[in-house]
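There are 2 protein chains.
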Amino acid sequence: MSKLRIALAQINPTVGDLTGNVLKIKKFIKKAEKVNSDIIVFPELSITGYPPEDLLLKSHFIEDNIKAAKEVAKHTSNIIAIYGFVEKENKKIFNSAAISHNQQLLGTQKKIYLPNYGVFDEKRYFSSGHSHSLINLENSTVGINICEDIWHPNPTKNLAASGVSTILNINGSPFQIGKIEERKRLLIKRAKENKVNIAYVNMVGGQDELVFDGGSMFINFDGKIQVIGPQFTEKLLVYDLDEHQNQDRSQSITYSTNSINIKTSKNKKHILEKFNTTQESCIEEDQILQALILGTKDYVQKTGFSKVLIALSGGIDSALVATIASLALGPENVRCVYLPSRFSSQSSKSDANQLCINLGINLNEISIEDIFSTYESTLSEDFKNTNWGVAEENLQSRIRGALVMALSNKFGYLVLTTGNKSEMAVGYATIYGDMAGGFAVIKDVPKTLVYKISNYINLKYKKEIIPESIITKEPSAELKFDQKDSDSLPPYEILDKILELYVEKDFSTYEIQTMGFDNDIINHVIKLVDKNEYKRRQSAPGIKITAKNFDRDRRMPLSNKYIN
Amino acid sequence: MSKLRIALAQINPTVGDLTGNVLKIKKFIKKAEKVNSDIIVFPELSITGYPPEDLLLKSHFIEDNIKAAKEVAKHTSNIIAIYGFVEKENKKIFNSAAISHNQQLLGTQKKIYLPNYGVFDEKRYFSSGHSHSLINLENSTVGINICEDIWHPNPTKNLAASGVSTILNINGSPFQIGKIEERKRLLIKRAKENKVNIAYVNMVGGQDELVFDGGSMFINFDGKIQVIGPQFTEKLLVYDLDEHQNQDRSQSITYSTNSINIKTSKNKKHILEKFNTTQESCIEEDQILQALILGTKDYVQKTGFSKVLIALSGGIDSALVATIASLALGPENVRCVYLPSRFSSQSSKSDANQLCINLGINLNEISIEDIFSTYESTLSEDFKNTNWGVAEENLQSRIRGALVMALSNKFGYLVLTTGNKSEMAVGYATIYGDMAGGFAVIKDVPKTLVYKISNYINLKYKKEIIPESIITKEPSAELKFDQKDSDSLPPYEILDKILELYVEKDFSTYEIQTMGFDNDIINHVIKLVDKNEYKRRQSAPGIKITAKNFDRDRRMPLSNKYIN
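Same order as they appear, the protein sequences are chains W and F. Residue numbers for the first sequence follow the numbering used here, beginning at 5 and rising by one. Residue numbers for the second sequence follow the numbering used here, beginning at 5 and rising by one.
For reference, chain W alone in the conformation it holds in the complex (with noise of 0.2 Å):
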C-alpha cells in the first residue's frame, strides 16, 4: 500500500494580522517541504485568525485576506497546501479552505456546517457551502472537512461515498475540560464508520477569551489514533497514512462535488521523527493551567503589553494568578503590589511575601489607609447617621482598583484581575475595584477548581511555589473587621455544585432542588448571579475553560424579571 505524506502545522495565528500569520505559514510549507510531505494541512480561518469576529463586515479585510490567500499559493511548489482562509463569491462570504499547489491557488472547500452557538457566531458572518471538492491524488481521493462539519454524519459520509479515503479535517476547536477526549471519540467514530483516515489539525494559542488547544492527530481508517499532538504549543506533526481508493460507494451522495486531479511527484521520502501515540499529559489540572497559562501570555502579548501587574491580596486566587502570569511571562515580566487597610491581617501580608519570594518577583506594599480616610473625611457629612457597610467595603476596593490603574497608566503595565468564576456569579467582587483590570485570567476557574490547580502547581513543580498557608487559610476579602466568605455564602463545594447546575446546565430552581440541595440556599445563590448581570457585562474577559463561560457563552439580558 502506498503511503501519504501529511503535514499537519499546529500553529498560532493572531487575529488580523495577515502579514504575520502569512509569514508563518511559508515558514511551516517549507518545513513540511524539507522533509518531502506530500501535503500541509493549516488550521480554520489561519489566515485571519480566528475567530475575526466584525472585522469580517469590512470589505476591504476580505480582499486583503484573498490577497493572503495568493499569495501563500505563490509560495507552494510541489507539496499541496490547505489553510483557512474567507472566500468571497457574488457578495456572500465563506469560511473556507484554499487549496494550493504549484503556486497556484487550484480550488477550495467551503464549510457546510456553520456553529451559531456557544461562542460561535459563523450565522452572522457567512453563508454555507453546498459542496465537496474531492482532490483526486494518483493512488487515492482526499476531501476536507471544516471544523464543525466533521461533527455531523453527512459531509464525512459523503466523502466516503465519493471515494475519498483521507479526510482533511481543519479546526478552529476552543479549550474546554474534556473537549479532546471528546473530540478523539468522534473522529474515531468518524474514521470507522466511514472507513476513512483523518487528518485533524487544530489551531493553538489565546484570542481574547479563547485558547485553542492544538492536539492534532491522525487516526487510520480502522480507527486507530496514530499520532497526536502536544496541546498548547506550535507544532509541525508528520506521518505517512496508508493510501487507498475508498470502495465504500453504496451510499447515495447528497451533495454535489468537483474534482481537483493534482500529479505531484513523489520524492524518495526521509525517515520521521517519531511522534507520541498517546497524549503527553491527560491530568485535568495540567490541562487547566496550560490552557491559563497559554491564554494570559497570548492575550498580554497580541495586544502589545509586556508586563502585567497584579495586586495580591495574600489570598488564594491572587497568588495563583501571579503564578500564572509568572509562568506565562517570566517573573521579570510580572510585578506585584499589596495594598493593606486596617482590616489586612499580618498572615495576609507575610503570605503574599513568601508568594513573591518563591516566584522571584519584587513586592510593592503602597498602604490604602490614607486615602481610605480620606474619602471617609470627604464624605462624612453624606454619609452622616447610615450604618457603616457595602459602600465602605467596595471603596476600599475601589481605592486598590485606581491604585493598579494609576501604576498601569504610568508604567505600561497590564492589570491582571483576579476574581474567580464563584465571585463573578455571585457578585463578590467590586466593580472599579478589584475587577479593575485588562484581563481575568480565573475568570471561569470555580473556586473549588482554584485550590485544585494551586495544590497541583506546587506538586507539578516539586516545591512549595503557592504558600501551604495560603492554600489551608479561611478565604476572606478582608474588607471588615473578622470578615469571612463563609459568612454570607454556602460553603464552595456546595456552592460551586448550584452554580455549574444553575449557570452550565441551565437548570431550573425545581430541578436543583431535586437534586437534594436545600432550598432557601438555592435560592439566594440564584438570586445573587441573577442580579449581578450587570457587573459580568462590564468585567473583563477572561480565559474560557469550562464548557460554559460568562463571556461569550452566556448572553443573558439585563433587564430581566424572569424568576426560574
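Hints should not be assumed to be uniformly reliable.
Because identical chains share one entry, a pair is satisfied inside a single copy or across any pair of copies.
Said to hold, decoys possible - Keeping only pairs whose Cα atoms sit at most 25 Å apart, straight-line, the calculated SDA-like set for lysine to any residue is:
#: 1; residue 1: LYS484; residue 2: GLU247
#: 2; residue 1: LYS7; residue 2: HIS248
#: 3; residue 1: LYS388; residue 2: PHE309
#: 4; residue 1: LYS96; residue 2: SER132
#: 5; residue 1: LYS539; residue 2: ASN337
#: 6; residue 1: LYS96; residue 2: GLY122
#: 7; residue 1: LYS414; residue 2: ASP491
#: 8; residue 1: LYS539; residue 2: ARG556
Read the hints as simulated data drawn from the structure, not as lab findings. Bear in mind the structure is a predicted one, so any value in this text is a computation, not a measurement.
Please arrange chain F on chain W, whose structure you already have, making use of the hints.
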C-alpha cells in the same frame, strides 16, 4: 365592501416577566373587545419580551412561556388574538405568533426569516418555519408575517397568492435614526405589489440598549397609510380595514399552507376614535430625544431602580444626561453631584448650578482635592521622577467614579454615565472613572448630535433648560490646567464624520481619504478607535440610536492586529 376591525396593541412588555406580560395582554384584549374588534394583534414575542437572549436556552423558560401563551388563549372569546411567543416542536424552538380564539390556541405562524446580523442573534436560538397559516374568515383570508418576514418579498407574495388580503405583521423593531421612514417605504411597497392590506404592529419600550419605538400602522391595499400610531408610548390602535378576497393567485406558491377557519360573530360596531394618518413628530431630534428618555426610564425601572445619580462636570454631556433623566424619571428622582478639583473652572460650577436650578434638582458639591492630594502623596515614592500626565488625569476621574459609586452603594441610586459616542470611540472617557455607572445614556450619540439635541430641548420647551453658556463653551475634560478637547482631537464636526465612515459604515482608511479628509487625522482617529476597544468592552450599556452602536452591533476582537 365589508370591514374587518383590527386592533393593534402596541405594548411595552418586560423581558422574562411572563406574569406581567400576560396581565398586560389580557388587559389590552379586554379593551379591544369593548370596541368590538374582530382581531387584536400584539408585537413579536410579546409573551416573553424581546430579545429574551439566553433565557431561551432554559427549557423551563420555554415551558413557562407556552403556559403563558395558553393562559392568554383562555381569555379570548369572540375576538381573534394574535401574539408572539416561543413555540416548541420536536426539541426545536420557533419565534411564532399564537392564533387564539374562543378560549383556544388554534394554531401558530412560525417566523421564516431569522435575522442574525446587527443587534440580532435569532439563529442562535430559533429554527425557521417553512409554511403559512391562513386564517379564513367569512369574507376574507388573513395571514401573518413576523417582523423580518415582510422585509423579504416571498412570504407576503406567497400569502397574497394564497388568497390573503390582509397581512398582520408583528414586530420587535428597535429605533434608529430614519428607521420609521424606511419601514413606511417598505410597507407601502409590499402592500402595493401584493394588493394586500397591512396591519403593522411594533413593540414599544426600552430593553437594555434597544428602544422599540412603536409607530404601528394600517396600510391599505393600494399602499396608503390609513392610520399611524404614536412612537415611544403604549397604544391601542383600532381601524376598520376593507375585506376582500385577493384575486392575485397567478403566482406559484413556494411555501406550504394550512388553514384555520374561524367564524366570528360580527357585532354592531361603534364609531371609532379618530387616529392620525400622519406621524406625530417627524423632527429627528425629537425622535432621538424620545428614544433616550424612554430608554433611560425603562432601563432604570425594569432593573428595579427608581432614583439615579449623575456627576455634573459643568459640560454639555452631563447636562444633557441630567436633563434626559429628569424628563424620564421626574426631577425628584434625579440626584446630581458636582465634584470639583483644582482644575475646575468657576464657570463649570455656576453652569452646573444653573442647570440644576432649571431642572429643579438639588446639587451637592464634594471636592475631590483632599482625596487627590492624598493619592499623590501615597504614590509619591512610586511616581518619583516621572512626569505628571495621564495617570494623574485619570486618577481624578477615578476618584469621581469611586465617589458616585459610594453614594450609589449607600443610597441605592443607579449611576448614569455621561460619555458620548465620539468620546467612547476615541477613548476620551476614563475607564473606572467617568465610565463608572450602570447605564450610559448618550453612548451612541455623537458629540455634534449632543449639541443638536441640547439646542432642540431648549427650543421644544421654549425656555433655557440647558444653559446657553454650557452649549457655547469650548469642551474640556478639566483634568489638567487649561485643557481643551481640541488639544488632541480634530474638531468634532470632522471627527464625527470620520467616525461615522469608519465605525458605522466600515470604510477603509483609503476610502475615507478619497472623501477628502486629511490622512494624518484619519490615521490618528482610527488608531484611537482600535486601541480603545478594551475600554468599550467594559463600558455600561447605552441606548442605540444609530445604524451601528458600540454594543451588540459591533463585535470587534480585542487582540487584533489588522490595520486598515
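Going through the hints against the structure:
no.: 1; hint: LYS484 - GLU247; verdict: neither (70 Å within a copy, 72 Å between copies)
no.: 2; hint: LYS7 - HIS248; verdict: within (9 Å within a copy, 73 Å between copies)
no.: 3; hint: LYS388 - PHE309; verdict: between (44 Å within a copy, 23 Å between copies)
no.: 4; hint: LYS96 - SER132; verdict: both (9 Å within a copy, 20 Å between copies)
no.: 5; hint: LYS539 - ASN337; verdict: between (29 Å within a copy, 23 Å between copies)
no.: 6; hint: LYS96 - GLY122; verdict: both (24 Å within a copy, 16 Å between copies)
no.: 7; hint: LYS414 - ASP491; verdict: between (38 Å within a copy, 21 Å between copies)
no.: 8; hint: LYS539 - ARG556; verdict: both (15 Å within a copy, 17 Å between copies)
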